[in-house]
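If you read the sequences in order, they're chains P and W. Under our numbering, the first residue of the first sequence is numbered 1, with each subsequent residue one higher. Under our numbering, the first residue of the second sequence is numbered 1, with each subsequent residue one higher.
Among the hints, erroneous ones may be present.
Distance condition first, Cα-Cα at most 20 angstroms in a straight line; then the derived SDA-like pairs of lysine to any residue [to be verified]:
| # | chain 1 | residue 1 | chain 2 | residue 2 |
| --- | --- | --- | --- | --- |
| 1 | W | 128 | P | 13 |
| 2 | W | 199 | W | 289 |
| 3 | W | 71 | P | 94 |
| 4 | P | 3 | W | 106 |
These aren't lab readings, by the way, just hints derived from the structure by calculation.
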Amino acid sequence: MRKLLSANFSRLWRDKIFWICMGTMLIYSVVYMLNGCRQAVVDMSEYNYGLEEYYFHFALSIGMFCALFSSMFFGTEYSDGTIRNKIIVGHTKTDIYIASLITTVTATLLMMLAWLIGALVAIPTLGVWKMTVLELFLYLLIAVMFVMAFSGICTFVCMTVTNKAYIVMISMLLILGLLIFTSMLYNGLSQPETISGVQITLNGMEMSKPSANPNYVSGAMRKVYDFILDFLPTGQGLRMWQLEIVHPVRMIISSVIIMLLTTFYGIFIFKKKNLR
Amino acid sequence: MDYVLRTNALCKKYKDFKVLNGLSMNVPKGAIYGFVGKNGAGKTTLIRLICGLQEPASGDYTLYGRKNTDKDITQSRRRMGAVVETPSIYLDMTAENNLKQQYRILGLPSFDGLTEILKLVGLDNTRKKKAKNFSLGMRQRLGIAIALVGNPDFLVLDEPANGLDPQGIIEIRELILKLNREQQITVLISSHILDELSKLATHYGFIDSGCLVKEMSAKELEAVCRKCVRMEVSDTRALARVLDGMKIDYTIITDQTADVYAKVNISHLTAALAKENCEVISMQERDESLESYYVSLIGGGKNA
Numbered sequence: 001m002r003k004l005l006s007a008n009f010s011r012l013w014r015d016k017i018f019w020i021c022m023g024t025m026l027i028y029s030v031v032y033m034l035n036g037c038r039q040a041v042v043d044m045s046e047y048n049y050g051l052e053e054y055y056f057h058f059a060l061s062i063g064m065f066c067a068l069f070s071s072m073f074f075g076t077e078y079s080d081g082t083i084r085n086k087i088i089v090g091h092t093k094t095d096i097y098i099a100s101l102i103t104t105v106t107a108t109l110l111m112m113l114a115w116l117i118g119a120l121v122a123i124p125t126l127g128v129w130k131m132t133v134l135e136l137f138l139y140l141l142i143a144v145m146f147v148m149a150f151s152g153i154c155t156f157v158c159m160t161v162t163n164k165a166y167i168v169m170i171s172m173l174l175i176l177g178l179l180i181f182t183s184m185l186y187n188g189l190s191q192p193e194t195i196s197g198v199q200i201t202l203n204g205m206e207m208s209k210p211s212a213n214p215n216y217v218s219g220a221m222r223k224v225y226d227f228i229l230d231f232l233p234t235g236q237g238l239r240m241w242q243l244e245i246v247h248p249v250r251m252i253i254s255s256v257i258i259m260l261l262t263t264f265y266g267i268f269i270f271k272k273k274n275l276r
Numbered sequence: 001m002d003y004v005l006r007t008n009a010l011c012k013k014y015k016d017f018k019v020l021n022g023l024s025m026n027v028p029k030g031a032i033y034g035f036v037g038k039n040g041a042g043k044t045t046l047i048r049l050i051c052g053l054q055e056p057a058s059g060d061y062t063l064y065g066r067k068n069t070d071k072d073i074t075q076s077r078r079r080m081g082a083v084v085e086t087p088s089i090y091l092d093m094t095a096e097n098n099l100k101q102q103y104r105i106l107g108l109p110s111f112d113g114l115t116e117i118l119k120l121v122g123l124d125n126t127r128k129k130k131a132k133n134f135s136l137g138m139r140q141r142l143g144i145a146i147a148l149v150g151n152p153d154f155l156v157l158d159e160p161a162n163g164l165d166p167q168g169i170i171e172i173r174e175l176i177l178k179l180n181r182e183q184q185i186t187v188l189i190s191s192h193i194l195d196e197l198s199k200l201a202t203h204y205g206f207i208d209s210g211c212l213v214k215e216m217s218a219k220e221l222e223a224v225c226r227k228c229v230r231m232e233v234s235d236t237r238a239l240a241r242v243l244d245g246m247k248i249d250y251t252i253i254t255d256q257t258a259d260v261y262a263k264v265n266i267s268h269l270t271a272a273l274a275k276e277n278c279e280v281i282s283m284q285e286r287d288e289s290l291e292s293y294y295v296s297l298i299g300g301g302k303n304a
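If we strip away everything but chain W, and leave its shape as in the complex, we get (with noise of 0.2 angstroms):
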């Protein structure tokens, strides 16, 4: 698999609180890796390091297989964009301005393409207006618009939908998916809002106190997270005959505890499990959400 980002044991430290302690992630080429962990857990402290803001402790990155050390890396930041915290926008610039300053820093010929990433990001009509008259969502929408000049391949967004009323959120969530589908754009977002990343991300990592706790995919995520029946038997090599006979999807976790994965009837199931000599001791149903897989991996009590 190609990666666009690797990170290798990182570390940062302010004065004595280690913000991050030896994380290692990896980001694939084409994916919306959804970056979760709650407030102060570094997320914004990672993206501050791939951006180049900040220098790491110990421990080393790569962008674009080239390594943050690289005289080089350069040429890999040249193919990122990014929004860290809030946008970085002149304010008493207008949004055609703003686009034109990036242009400029980037040293590129013409202002080919403005009027497109403007329309792109719902910015067209608003072009003349300042930067300071704008909406957080607009803001937030221009800040991605610079992240875009220069056709980056690696779009890095902290806490995009912060701030935003559920209109600008569902903009900025369909905006993602349309740069990352049409463009293929490789996404890294960060965000502790997990429903809204749930409707995004192809691959998550769970930071928790500066480490990656877990980094899986969505599809993994969603096994994980799949609506079941935990159920408590007396033998559970019993309920596997009987649910094999009955064509039905399950996982053995213990001698006693398998999860269904099927609405079943519990008369009939109950009844084929009498005949096999295995008593029911307790049913219980699963919805594990991606919050509730969240809070368990992180631990909801110390949390709370």
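This is chain P alone, in the form it adopts within the complex (with noise of 0.2 angstroms):
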């Protein structure tokens, strides 16, 4: 396992495509911050935000460039063909599985940093995180959970899909799949309860009583919408980005159940998989 991981991270840190990713969430987060703190100015909002207003930011778009590293990092394996050469020396198959998690898990980590370390950029005008040191740390705890369900779920793609496009491909629609479907079950949380329009009457314009919302959901349903975005990791980065994080531990046990659930069964997959 040493060895795949010294083989591993020495080809990490001559990769082009990691290193793009990593200077672009750089660049993306110095900017993003930036802007942000323009329009805190003009908003004349700056002294009642505090740095966690968009210093977490990132949780929507790391699964995106997870996706993009490990598909094009993993994928070059098969379409060079030189995964072949780890498994004729004697290197297990499981061992070669886990050395590429751990591989993915770590970039995406040093992904997630750069912006960290970019977003402070945004320390001159809207000051320091105004939330308590024990509340960054579970933020930053359940950020590095959802990276690793992240990084379980594409090295799953990777070890299972042999073919580089398809790779690449199936990566990239599975995460912003997701990041649709929690968009709407997000989307669906917000409705109001009643809402209440305009009536135009004699007396001039009006508003209505307010009616039942036919788009809210209620009762059982609202608990597994609420459920599936603590359990998804772009559900938790929604939650993330609006700062409204309840269920923490529920929110870090589902990126350890994700983790090893893709882990268990792509290493059950990759076992069986005829590599050419």
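With the hints as a guide, bring the two chains together.
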């Protein structure tokens, strides 16, 4: 395992896609935070905001970066056929899978770190975090955990699909699909319970009496929506973006479950896979 | 005899298609084993199995005495290097970095011997060039160089001459011979370029439809393919007496046919046979090449 990790990391440090992702994350965070600062100054809300207002906004895009990096990095192993070199000399498929997972987690965490460092550029305008240190650590822990869940999902795709073009396409579409799906759920949960329209009467325009919103999600379905949002890493990202983390333990356990499930099932499929 | 690889009734299926059908073969230590078969016969599939890329549906194999189901088969795999189909190289890395990457995969403590390997395959002058800018022949040689990292005792090469120009084919052949003679590396080489294989192989395995049709040494094959005159006579006992008298090698095939391994003076021979009351019915010069032997073995008509 150590040998495989050494080989993977030595390749990682020379990998163009990895450094492009790192650079993009850094520039993205600086530009994004400076734009946030400008907006806060225009709204005159910079005194109310803390750094956290924008600090965790990487949470929505990190999944796409993880998918892009891992699919290009490990897709090459199949397109160039180099995965064979590892198996021929006696490394087990389980070791190869786990080494790939650890490499993906490390690379994605480094990309997240690039954002977190770049985002500090907003401190002169927004000040530091208004949340407590404990809250800050909890948010960071949840972020680390959902990065691991994303890595688990992406590694699963990379190791079980053996065509580079398909790996890239499936990884990106899967993360994008999850993002859209959780956005729809979040949108459903954000609906007000009642709505009131505007009526034109003889006395002019009047607000109508509040009536039940047909799009409001209630009862057991609301709990299901809520659970899915906490379960999926893209849902957790949305919650983090909105600074609405209510069930941190549920989120952390969910990330662990996703990573373990994808890894166990991924290893099972990879071991059975006929490599060419 | 010591064997590097022995397979026992190996079977492999892709969905409903049986690619290997009870294949048993034996690769002796120190041999250059030519694995001959037409496209789709199952050569690459067998190589994939013994390299651990795929699992057999049934049957087993032993590599340096360890069964494929043993946990310590990985120890035997450490002793082998392989180039399966296309060379397994990182195209965006230089030749040197490709080798270094393999050193890391093997967990070797230093890059000692890297220059020697590059020299051996003739890539010493292009070590800093990226593999994507290499010609097909250079890539093939780099693939072999990677397979040689860690000083393997057993080298598996799948169609190494595929797509190479004549000069490239000669270079690869000389490299394989050098590795076998100077470093005593056992080589399993699959090919359907029979003429090329005949310049290398010390042993042959002929595969057809997933079965090993024949396994033989190059000496045995040479005997089979020996230049001869096939004679049809009325009495082969009389022919034997005459040929013994002339001290000529021969093989009696049936009561009426025999192979004579010499360029005989036909007038003298027929006169001598006439004295023994033996008639010559027909004579035919036979020069069986590896190609014609292969066709007769596999069934040329079926494959034409």
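Hints, one by one, checked against the model:
no.: 1; hint: W/128 / P/13; in the structure: holds, 18 angstroms
no.: 2; hint: W/199 / W/289; in the structure: holds, 12 angstroms
no.: 3; hint: W/71 / P/94; in the structure: holds, 13 angstroms
no.: 4; hint: P/3 / W/106; in the structure: holds, 7 angstroms
Comparing the model with each numbered hint stated earlier shows that all of them hold.
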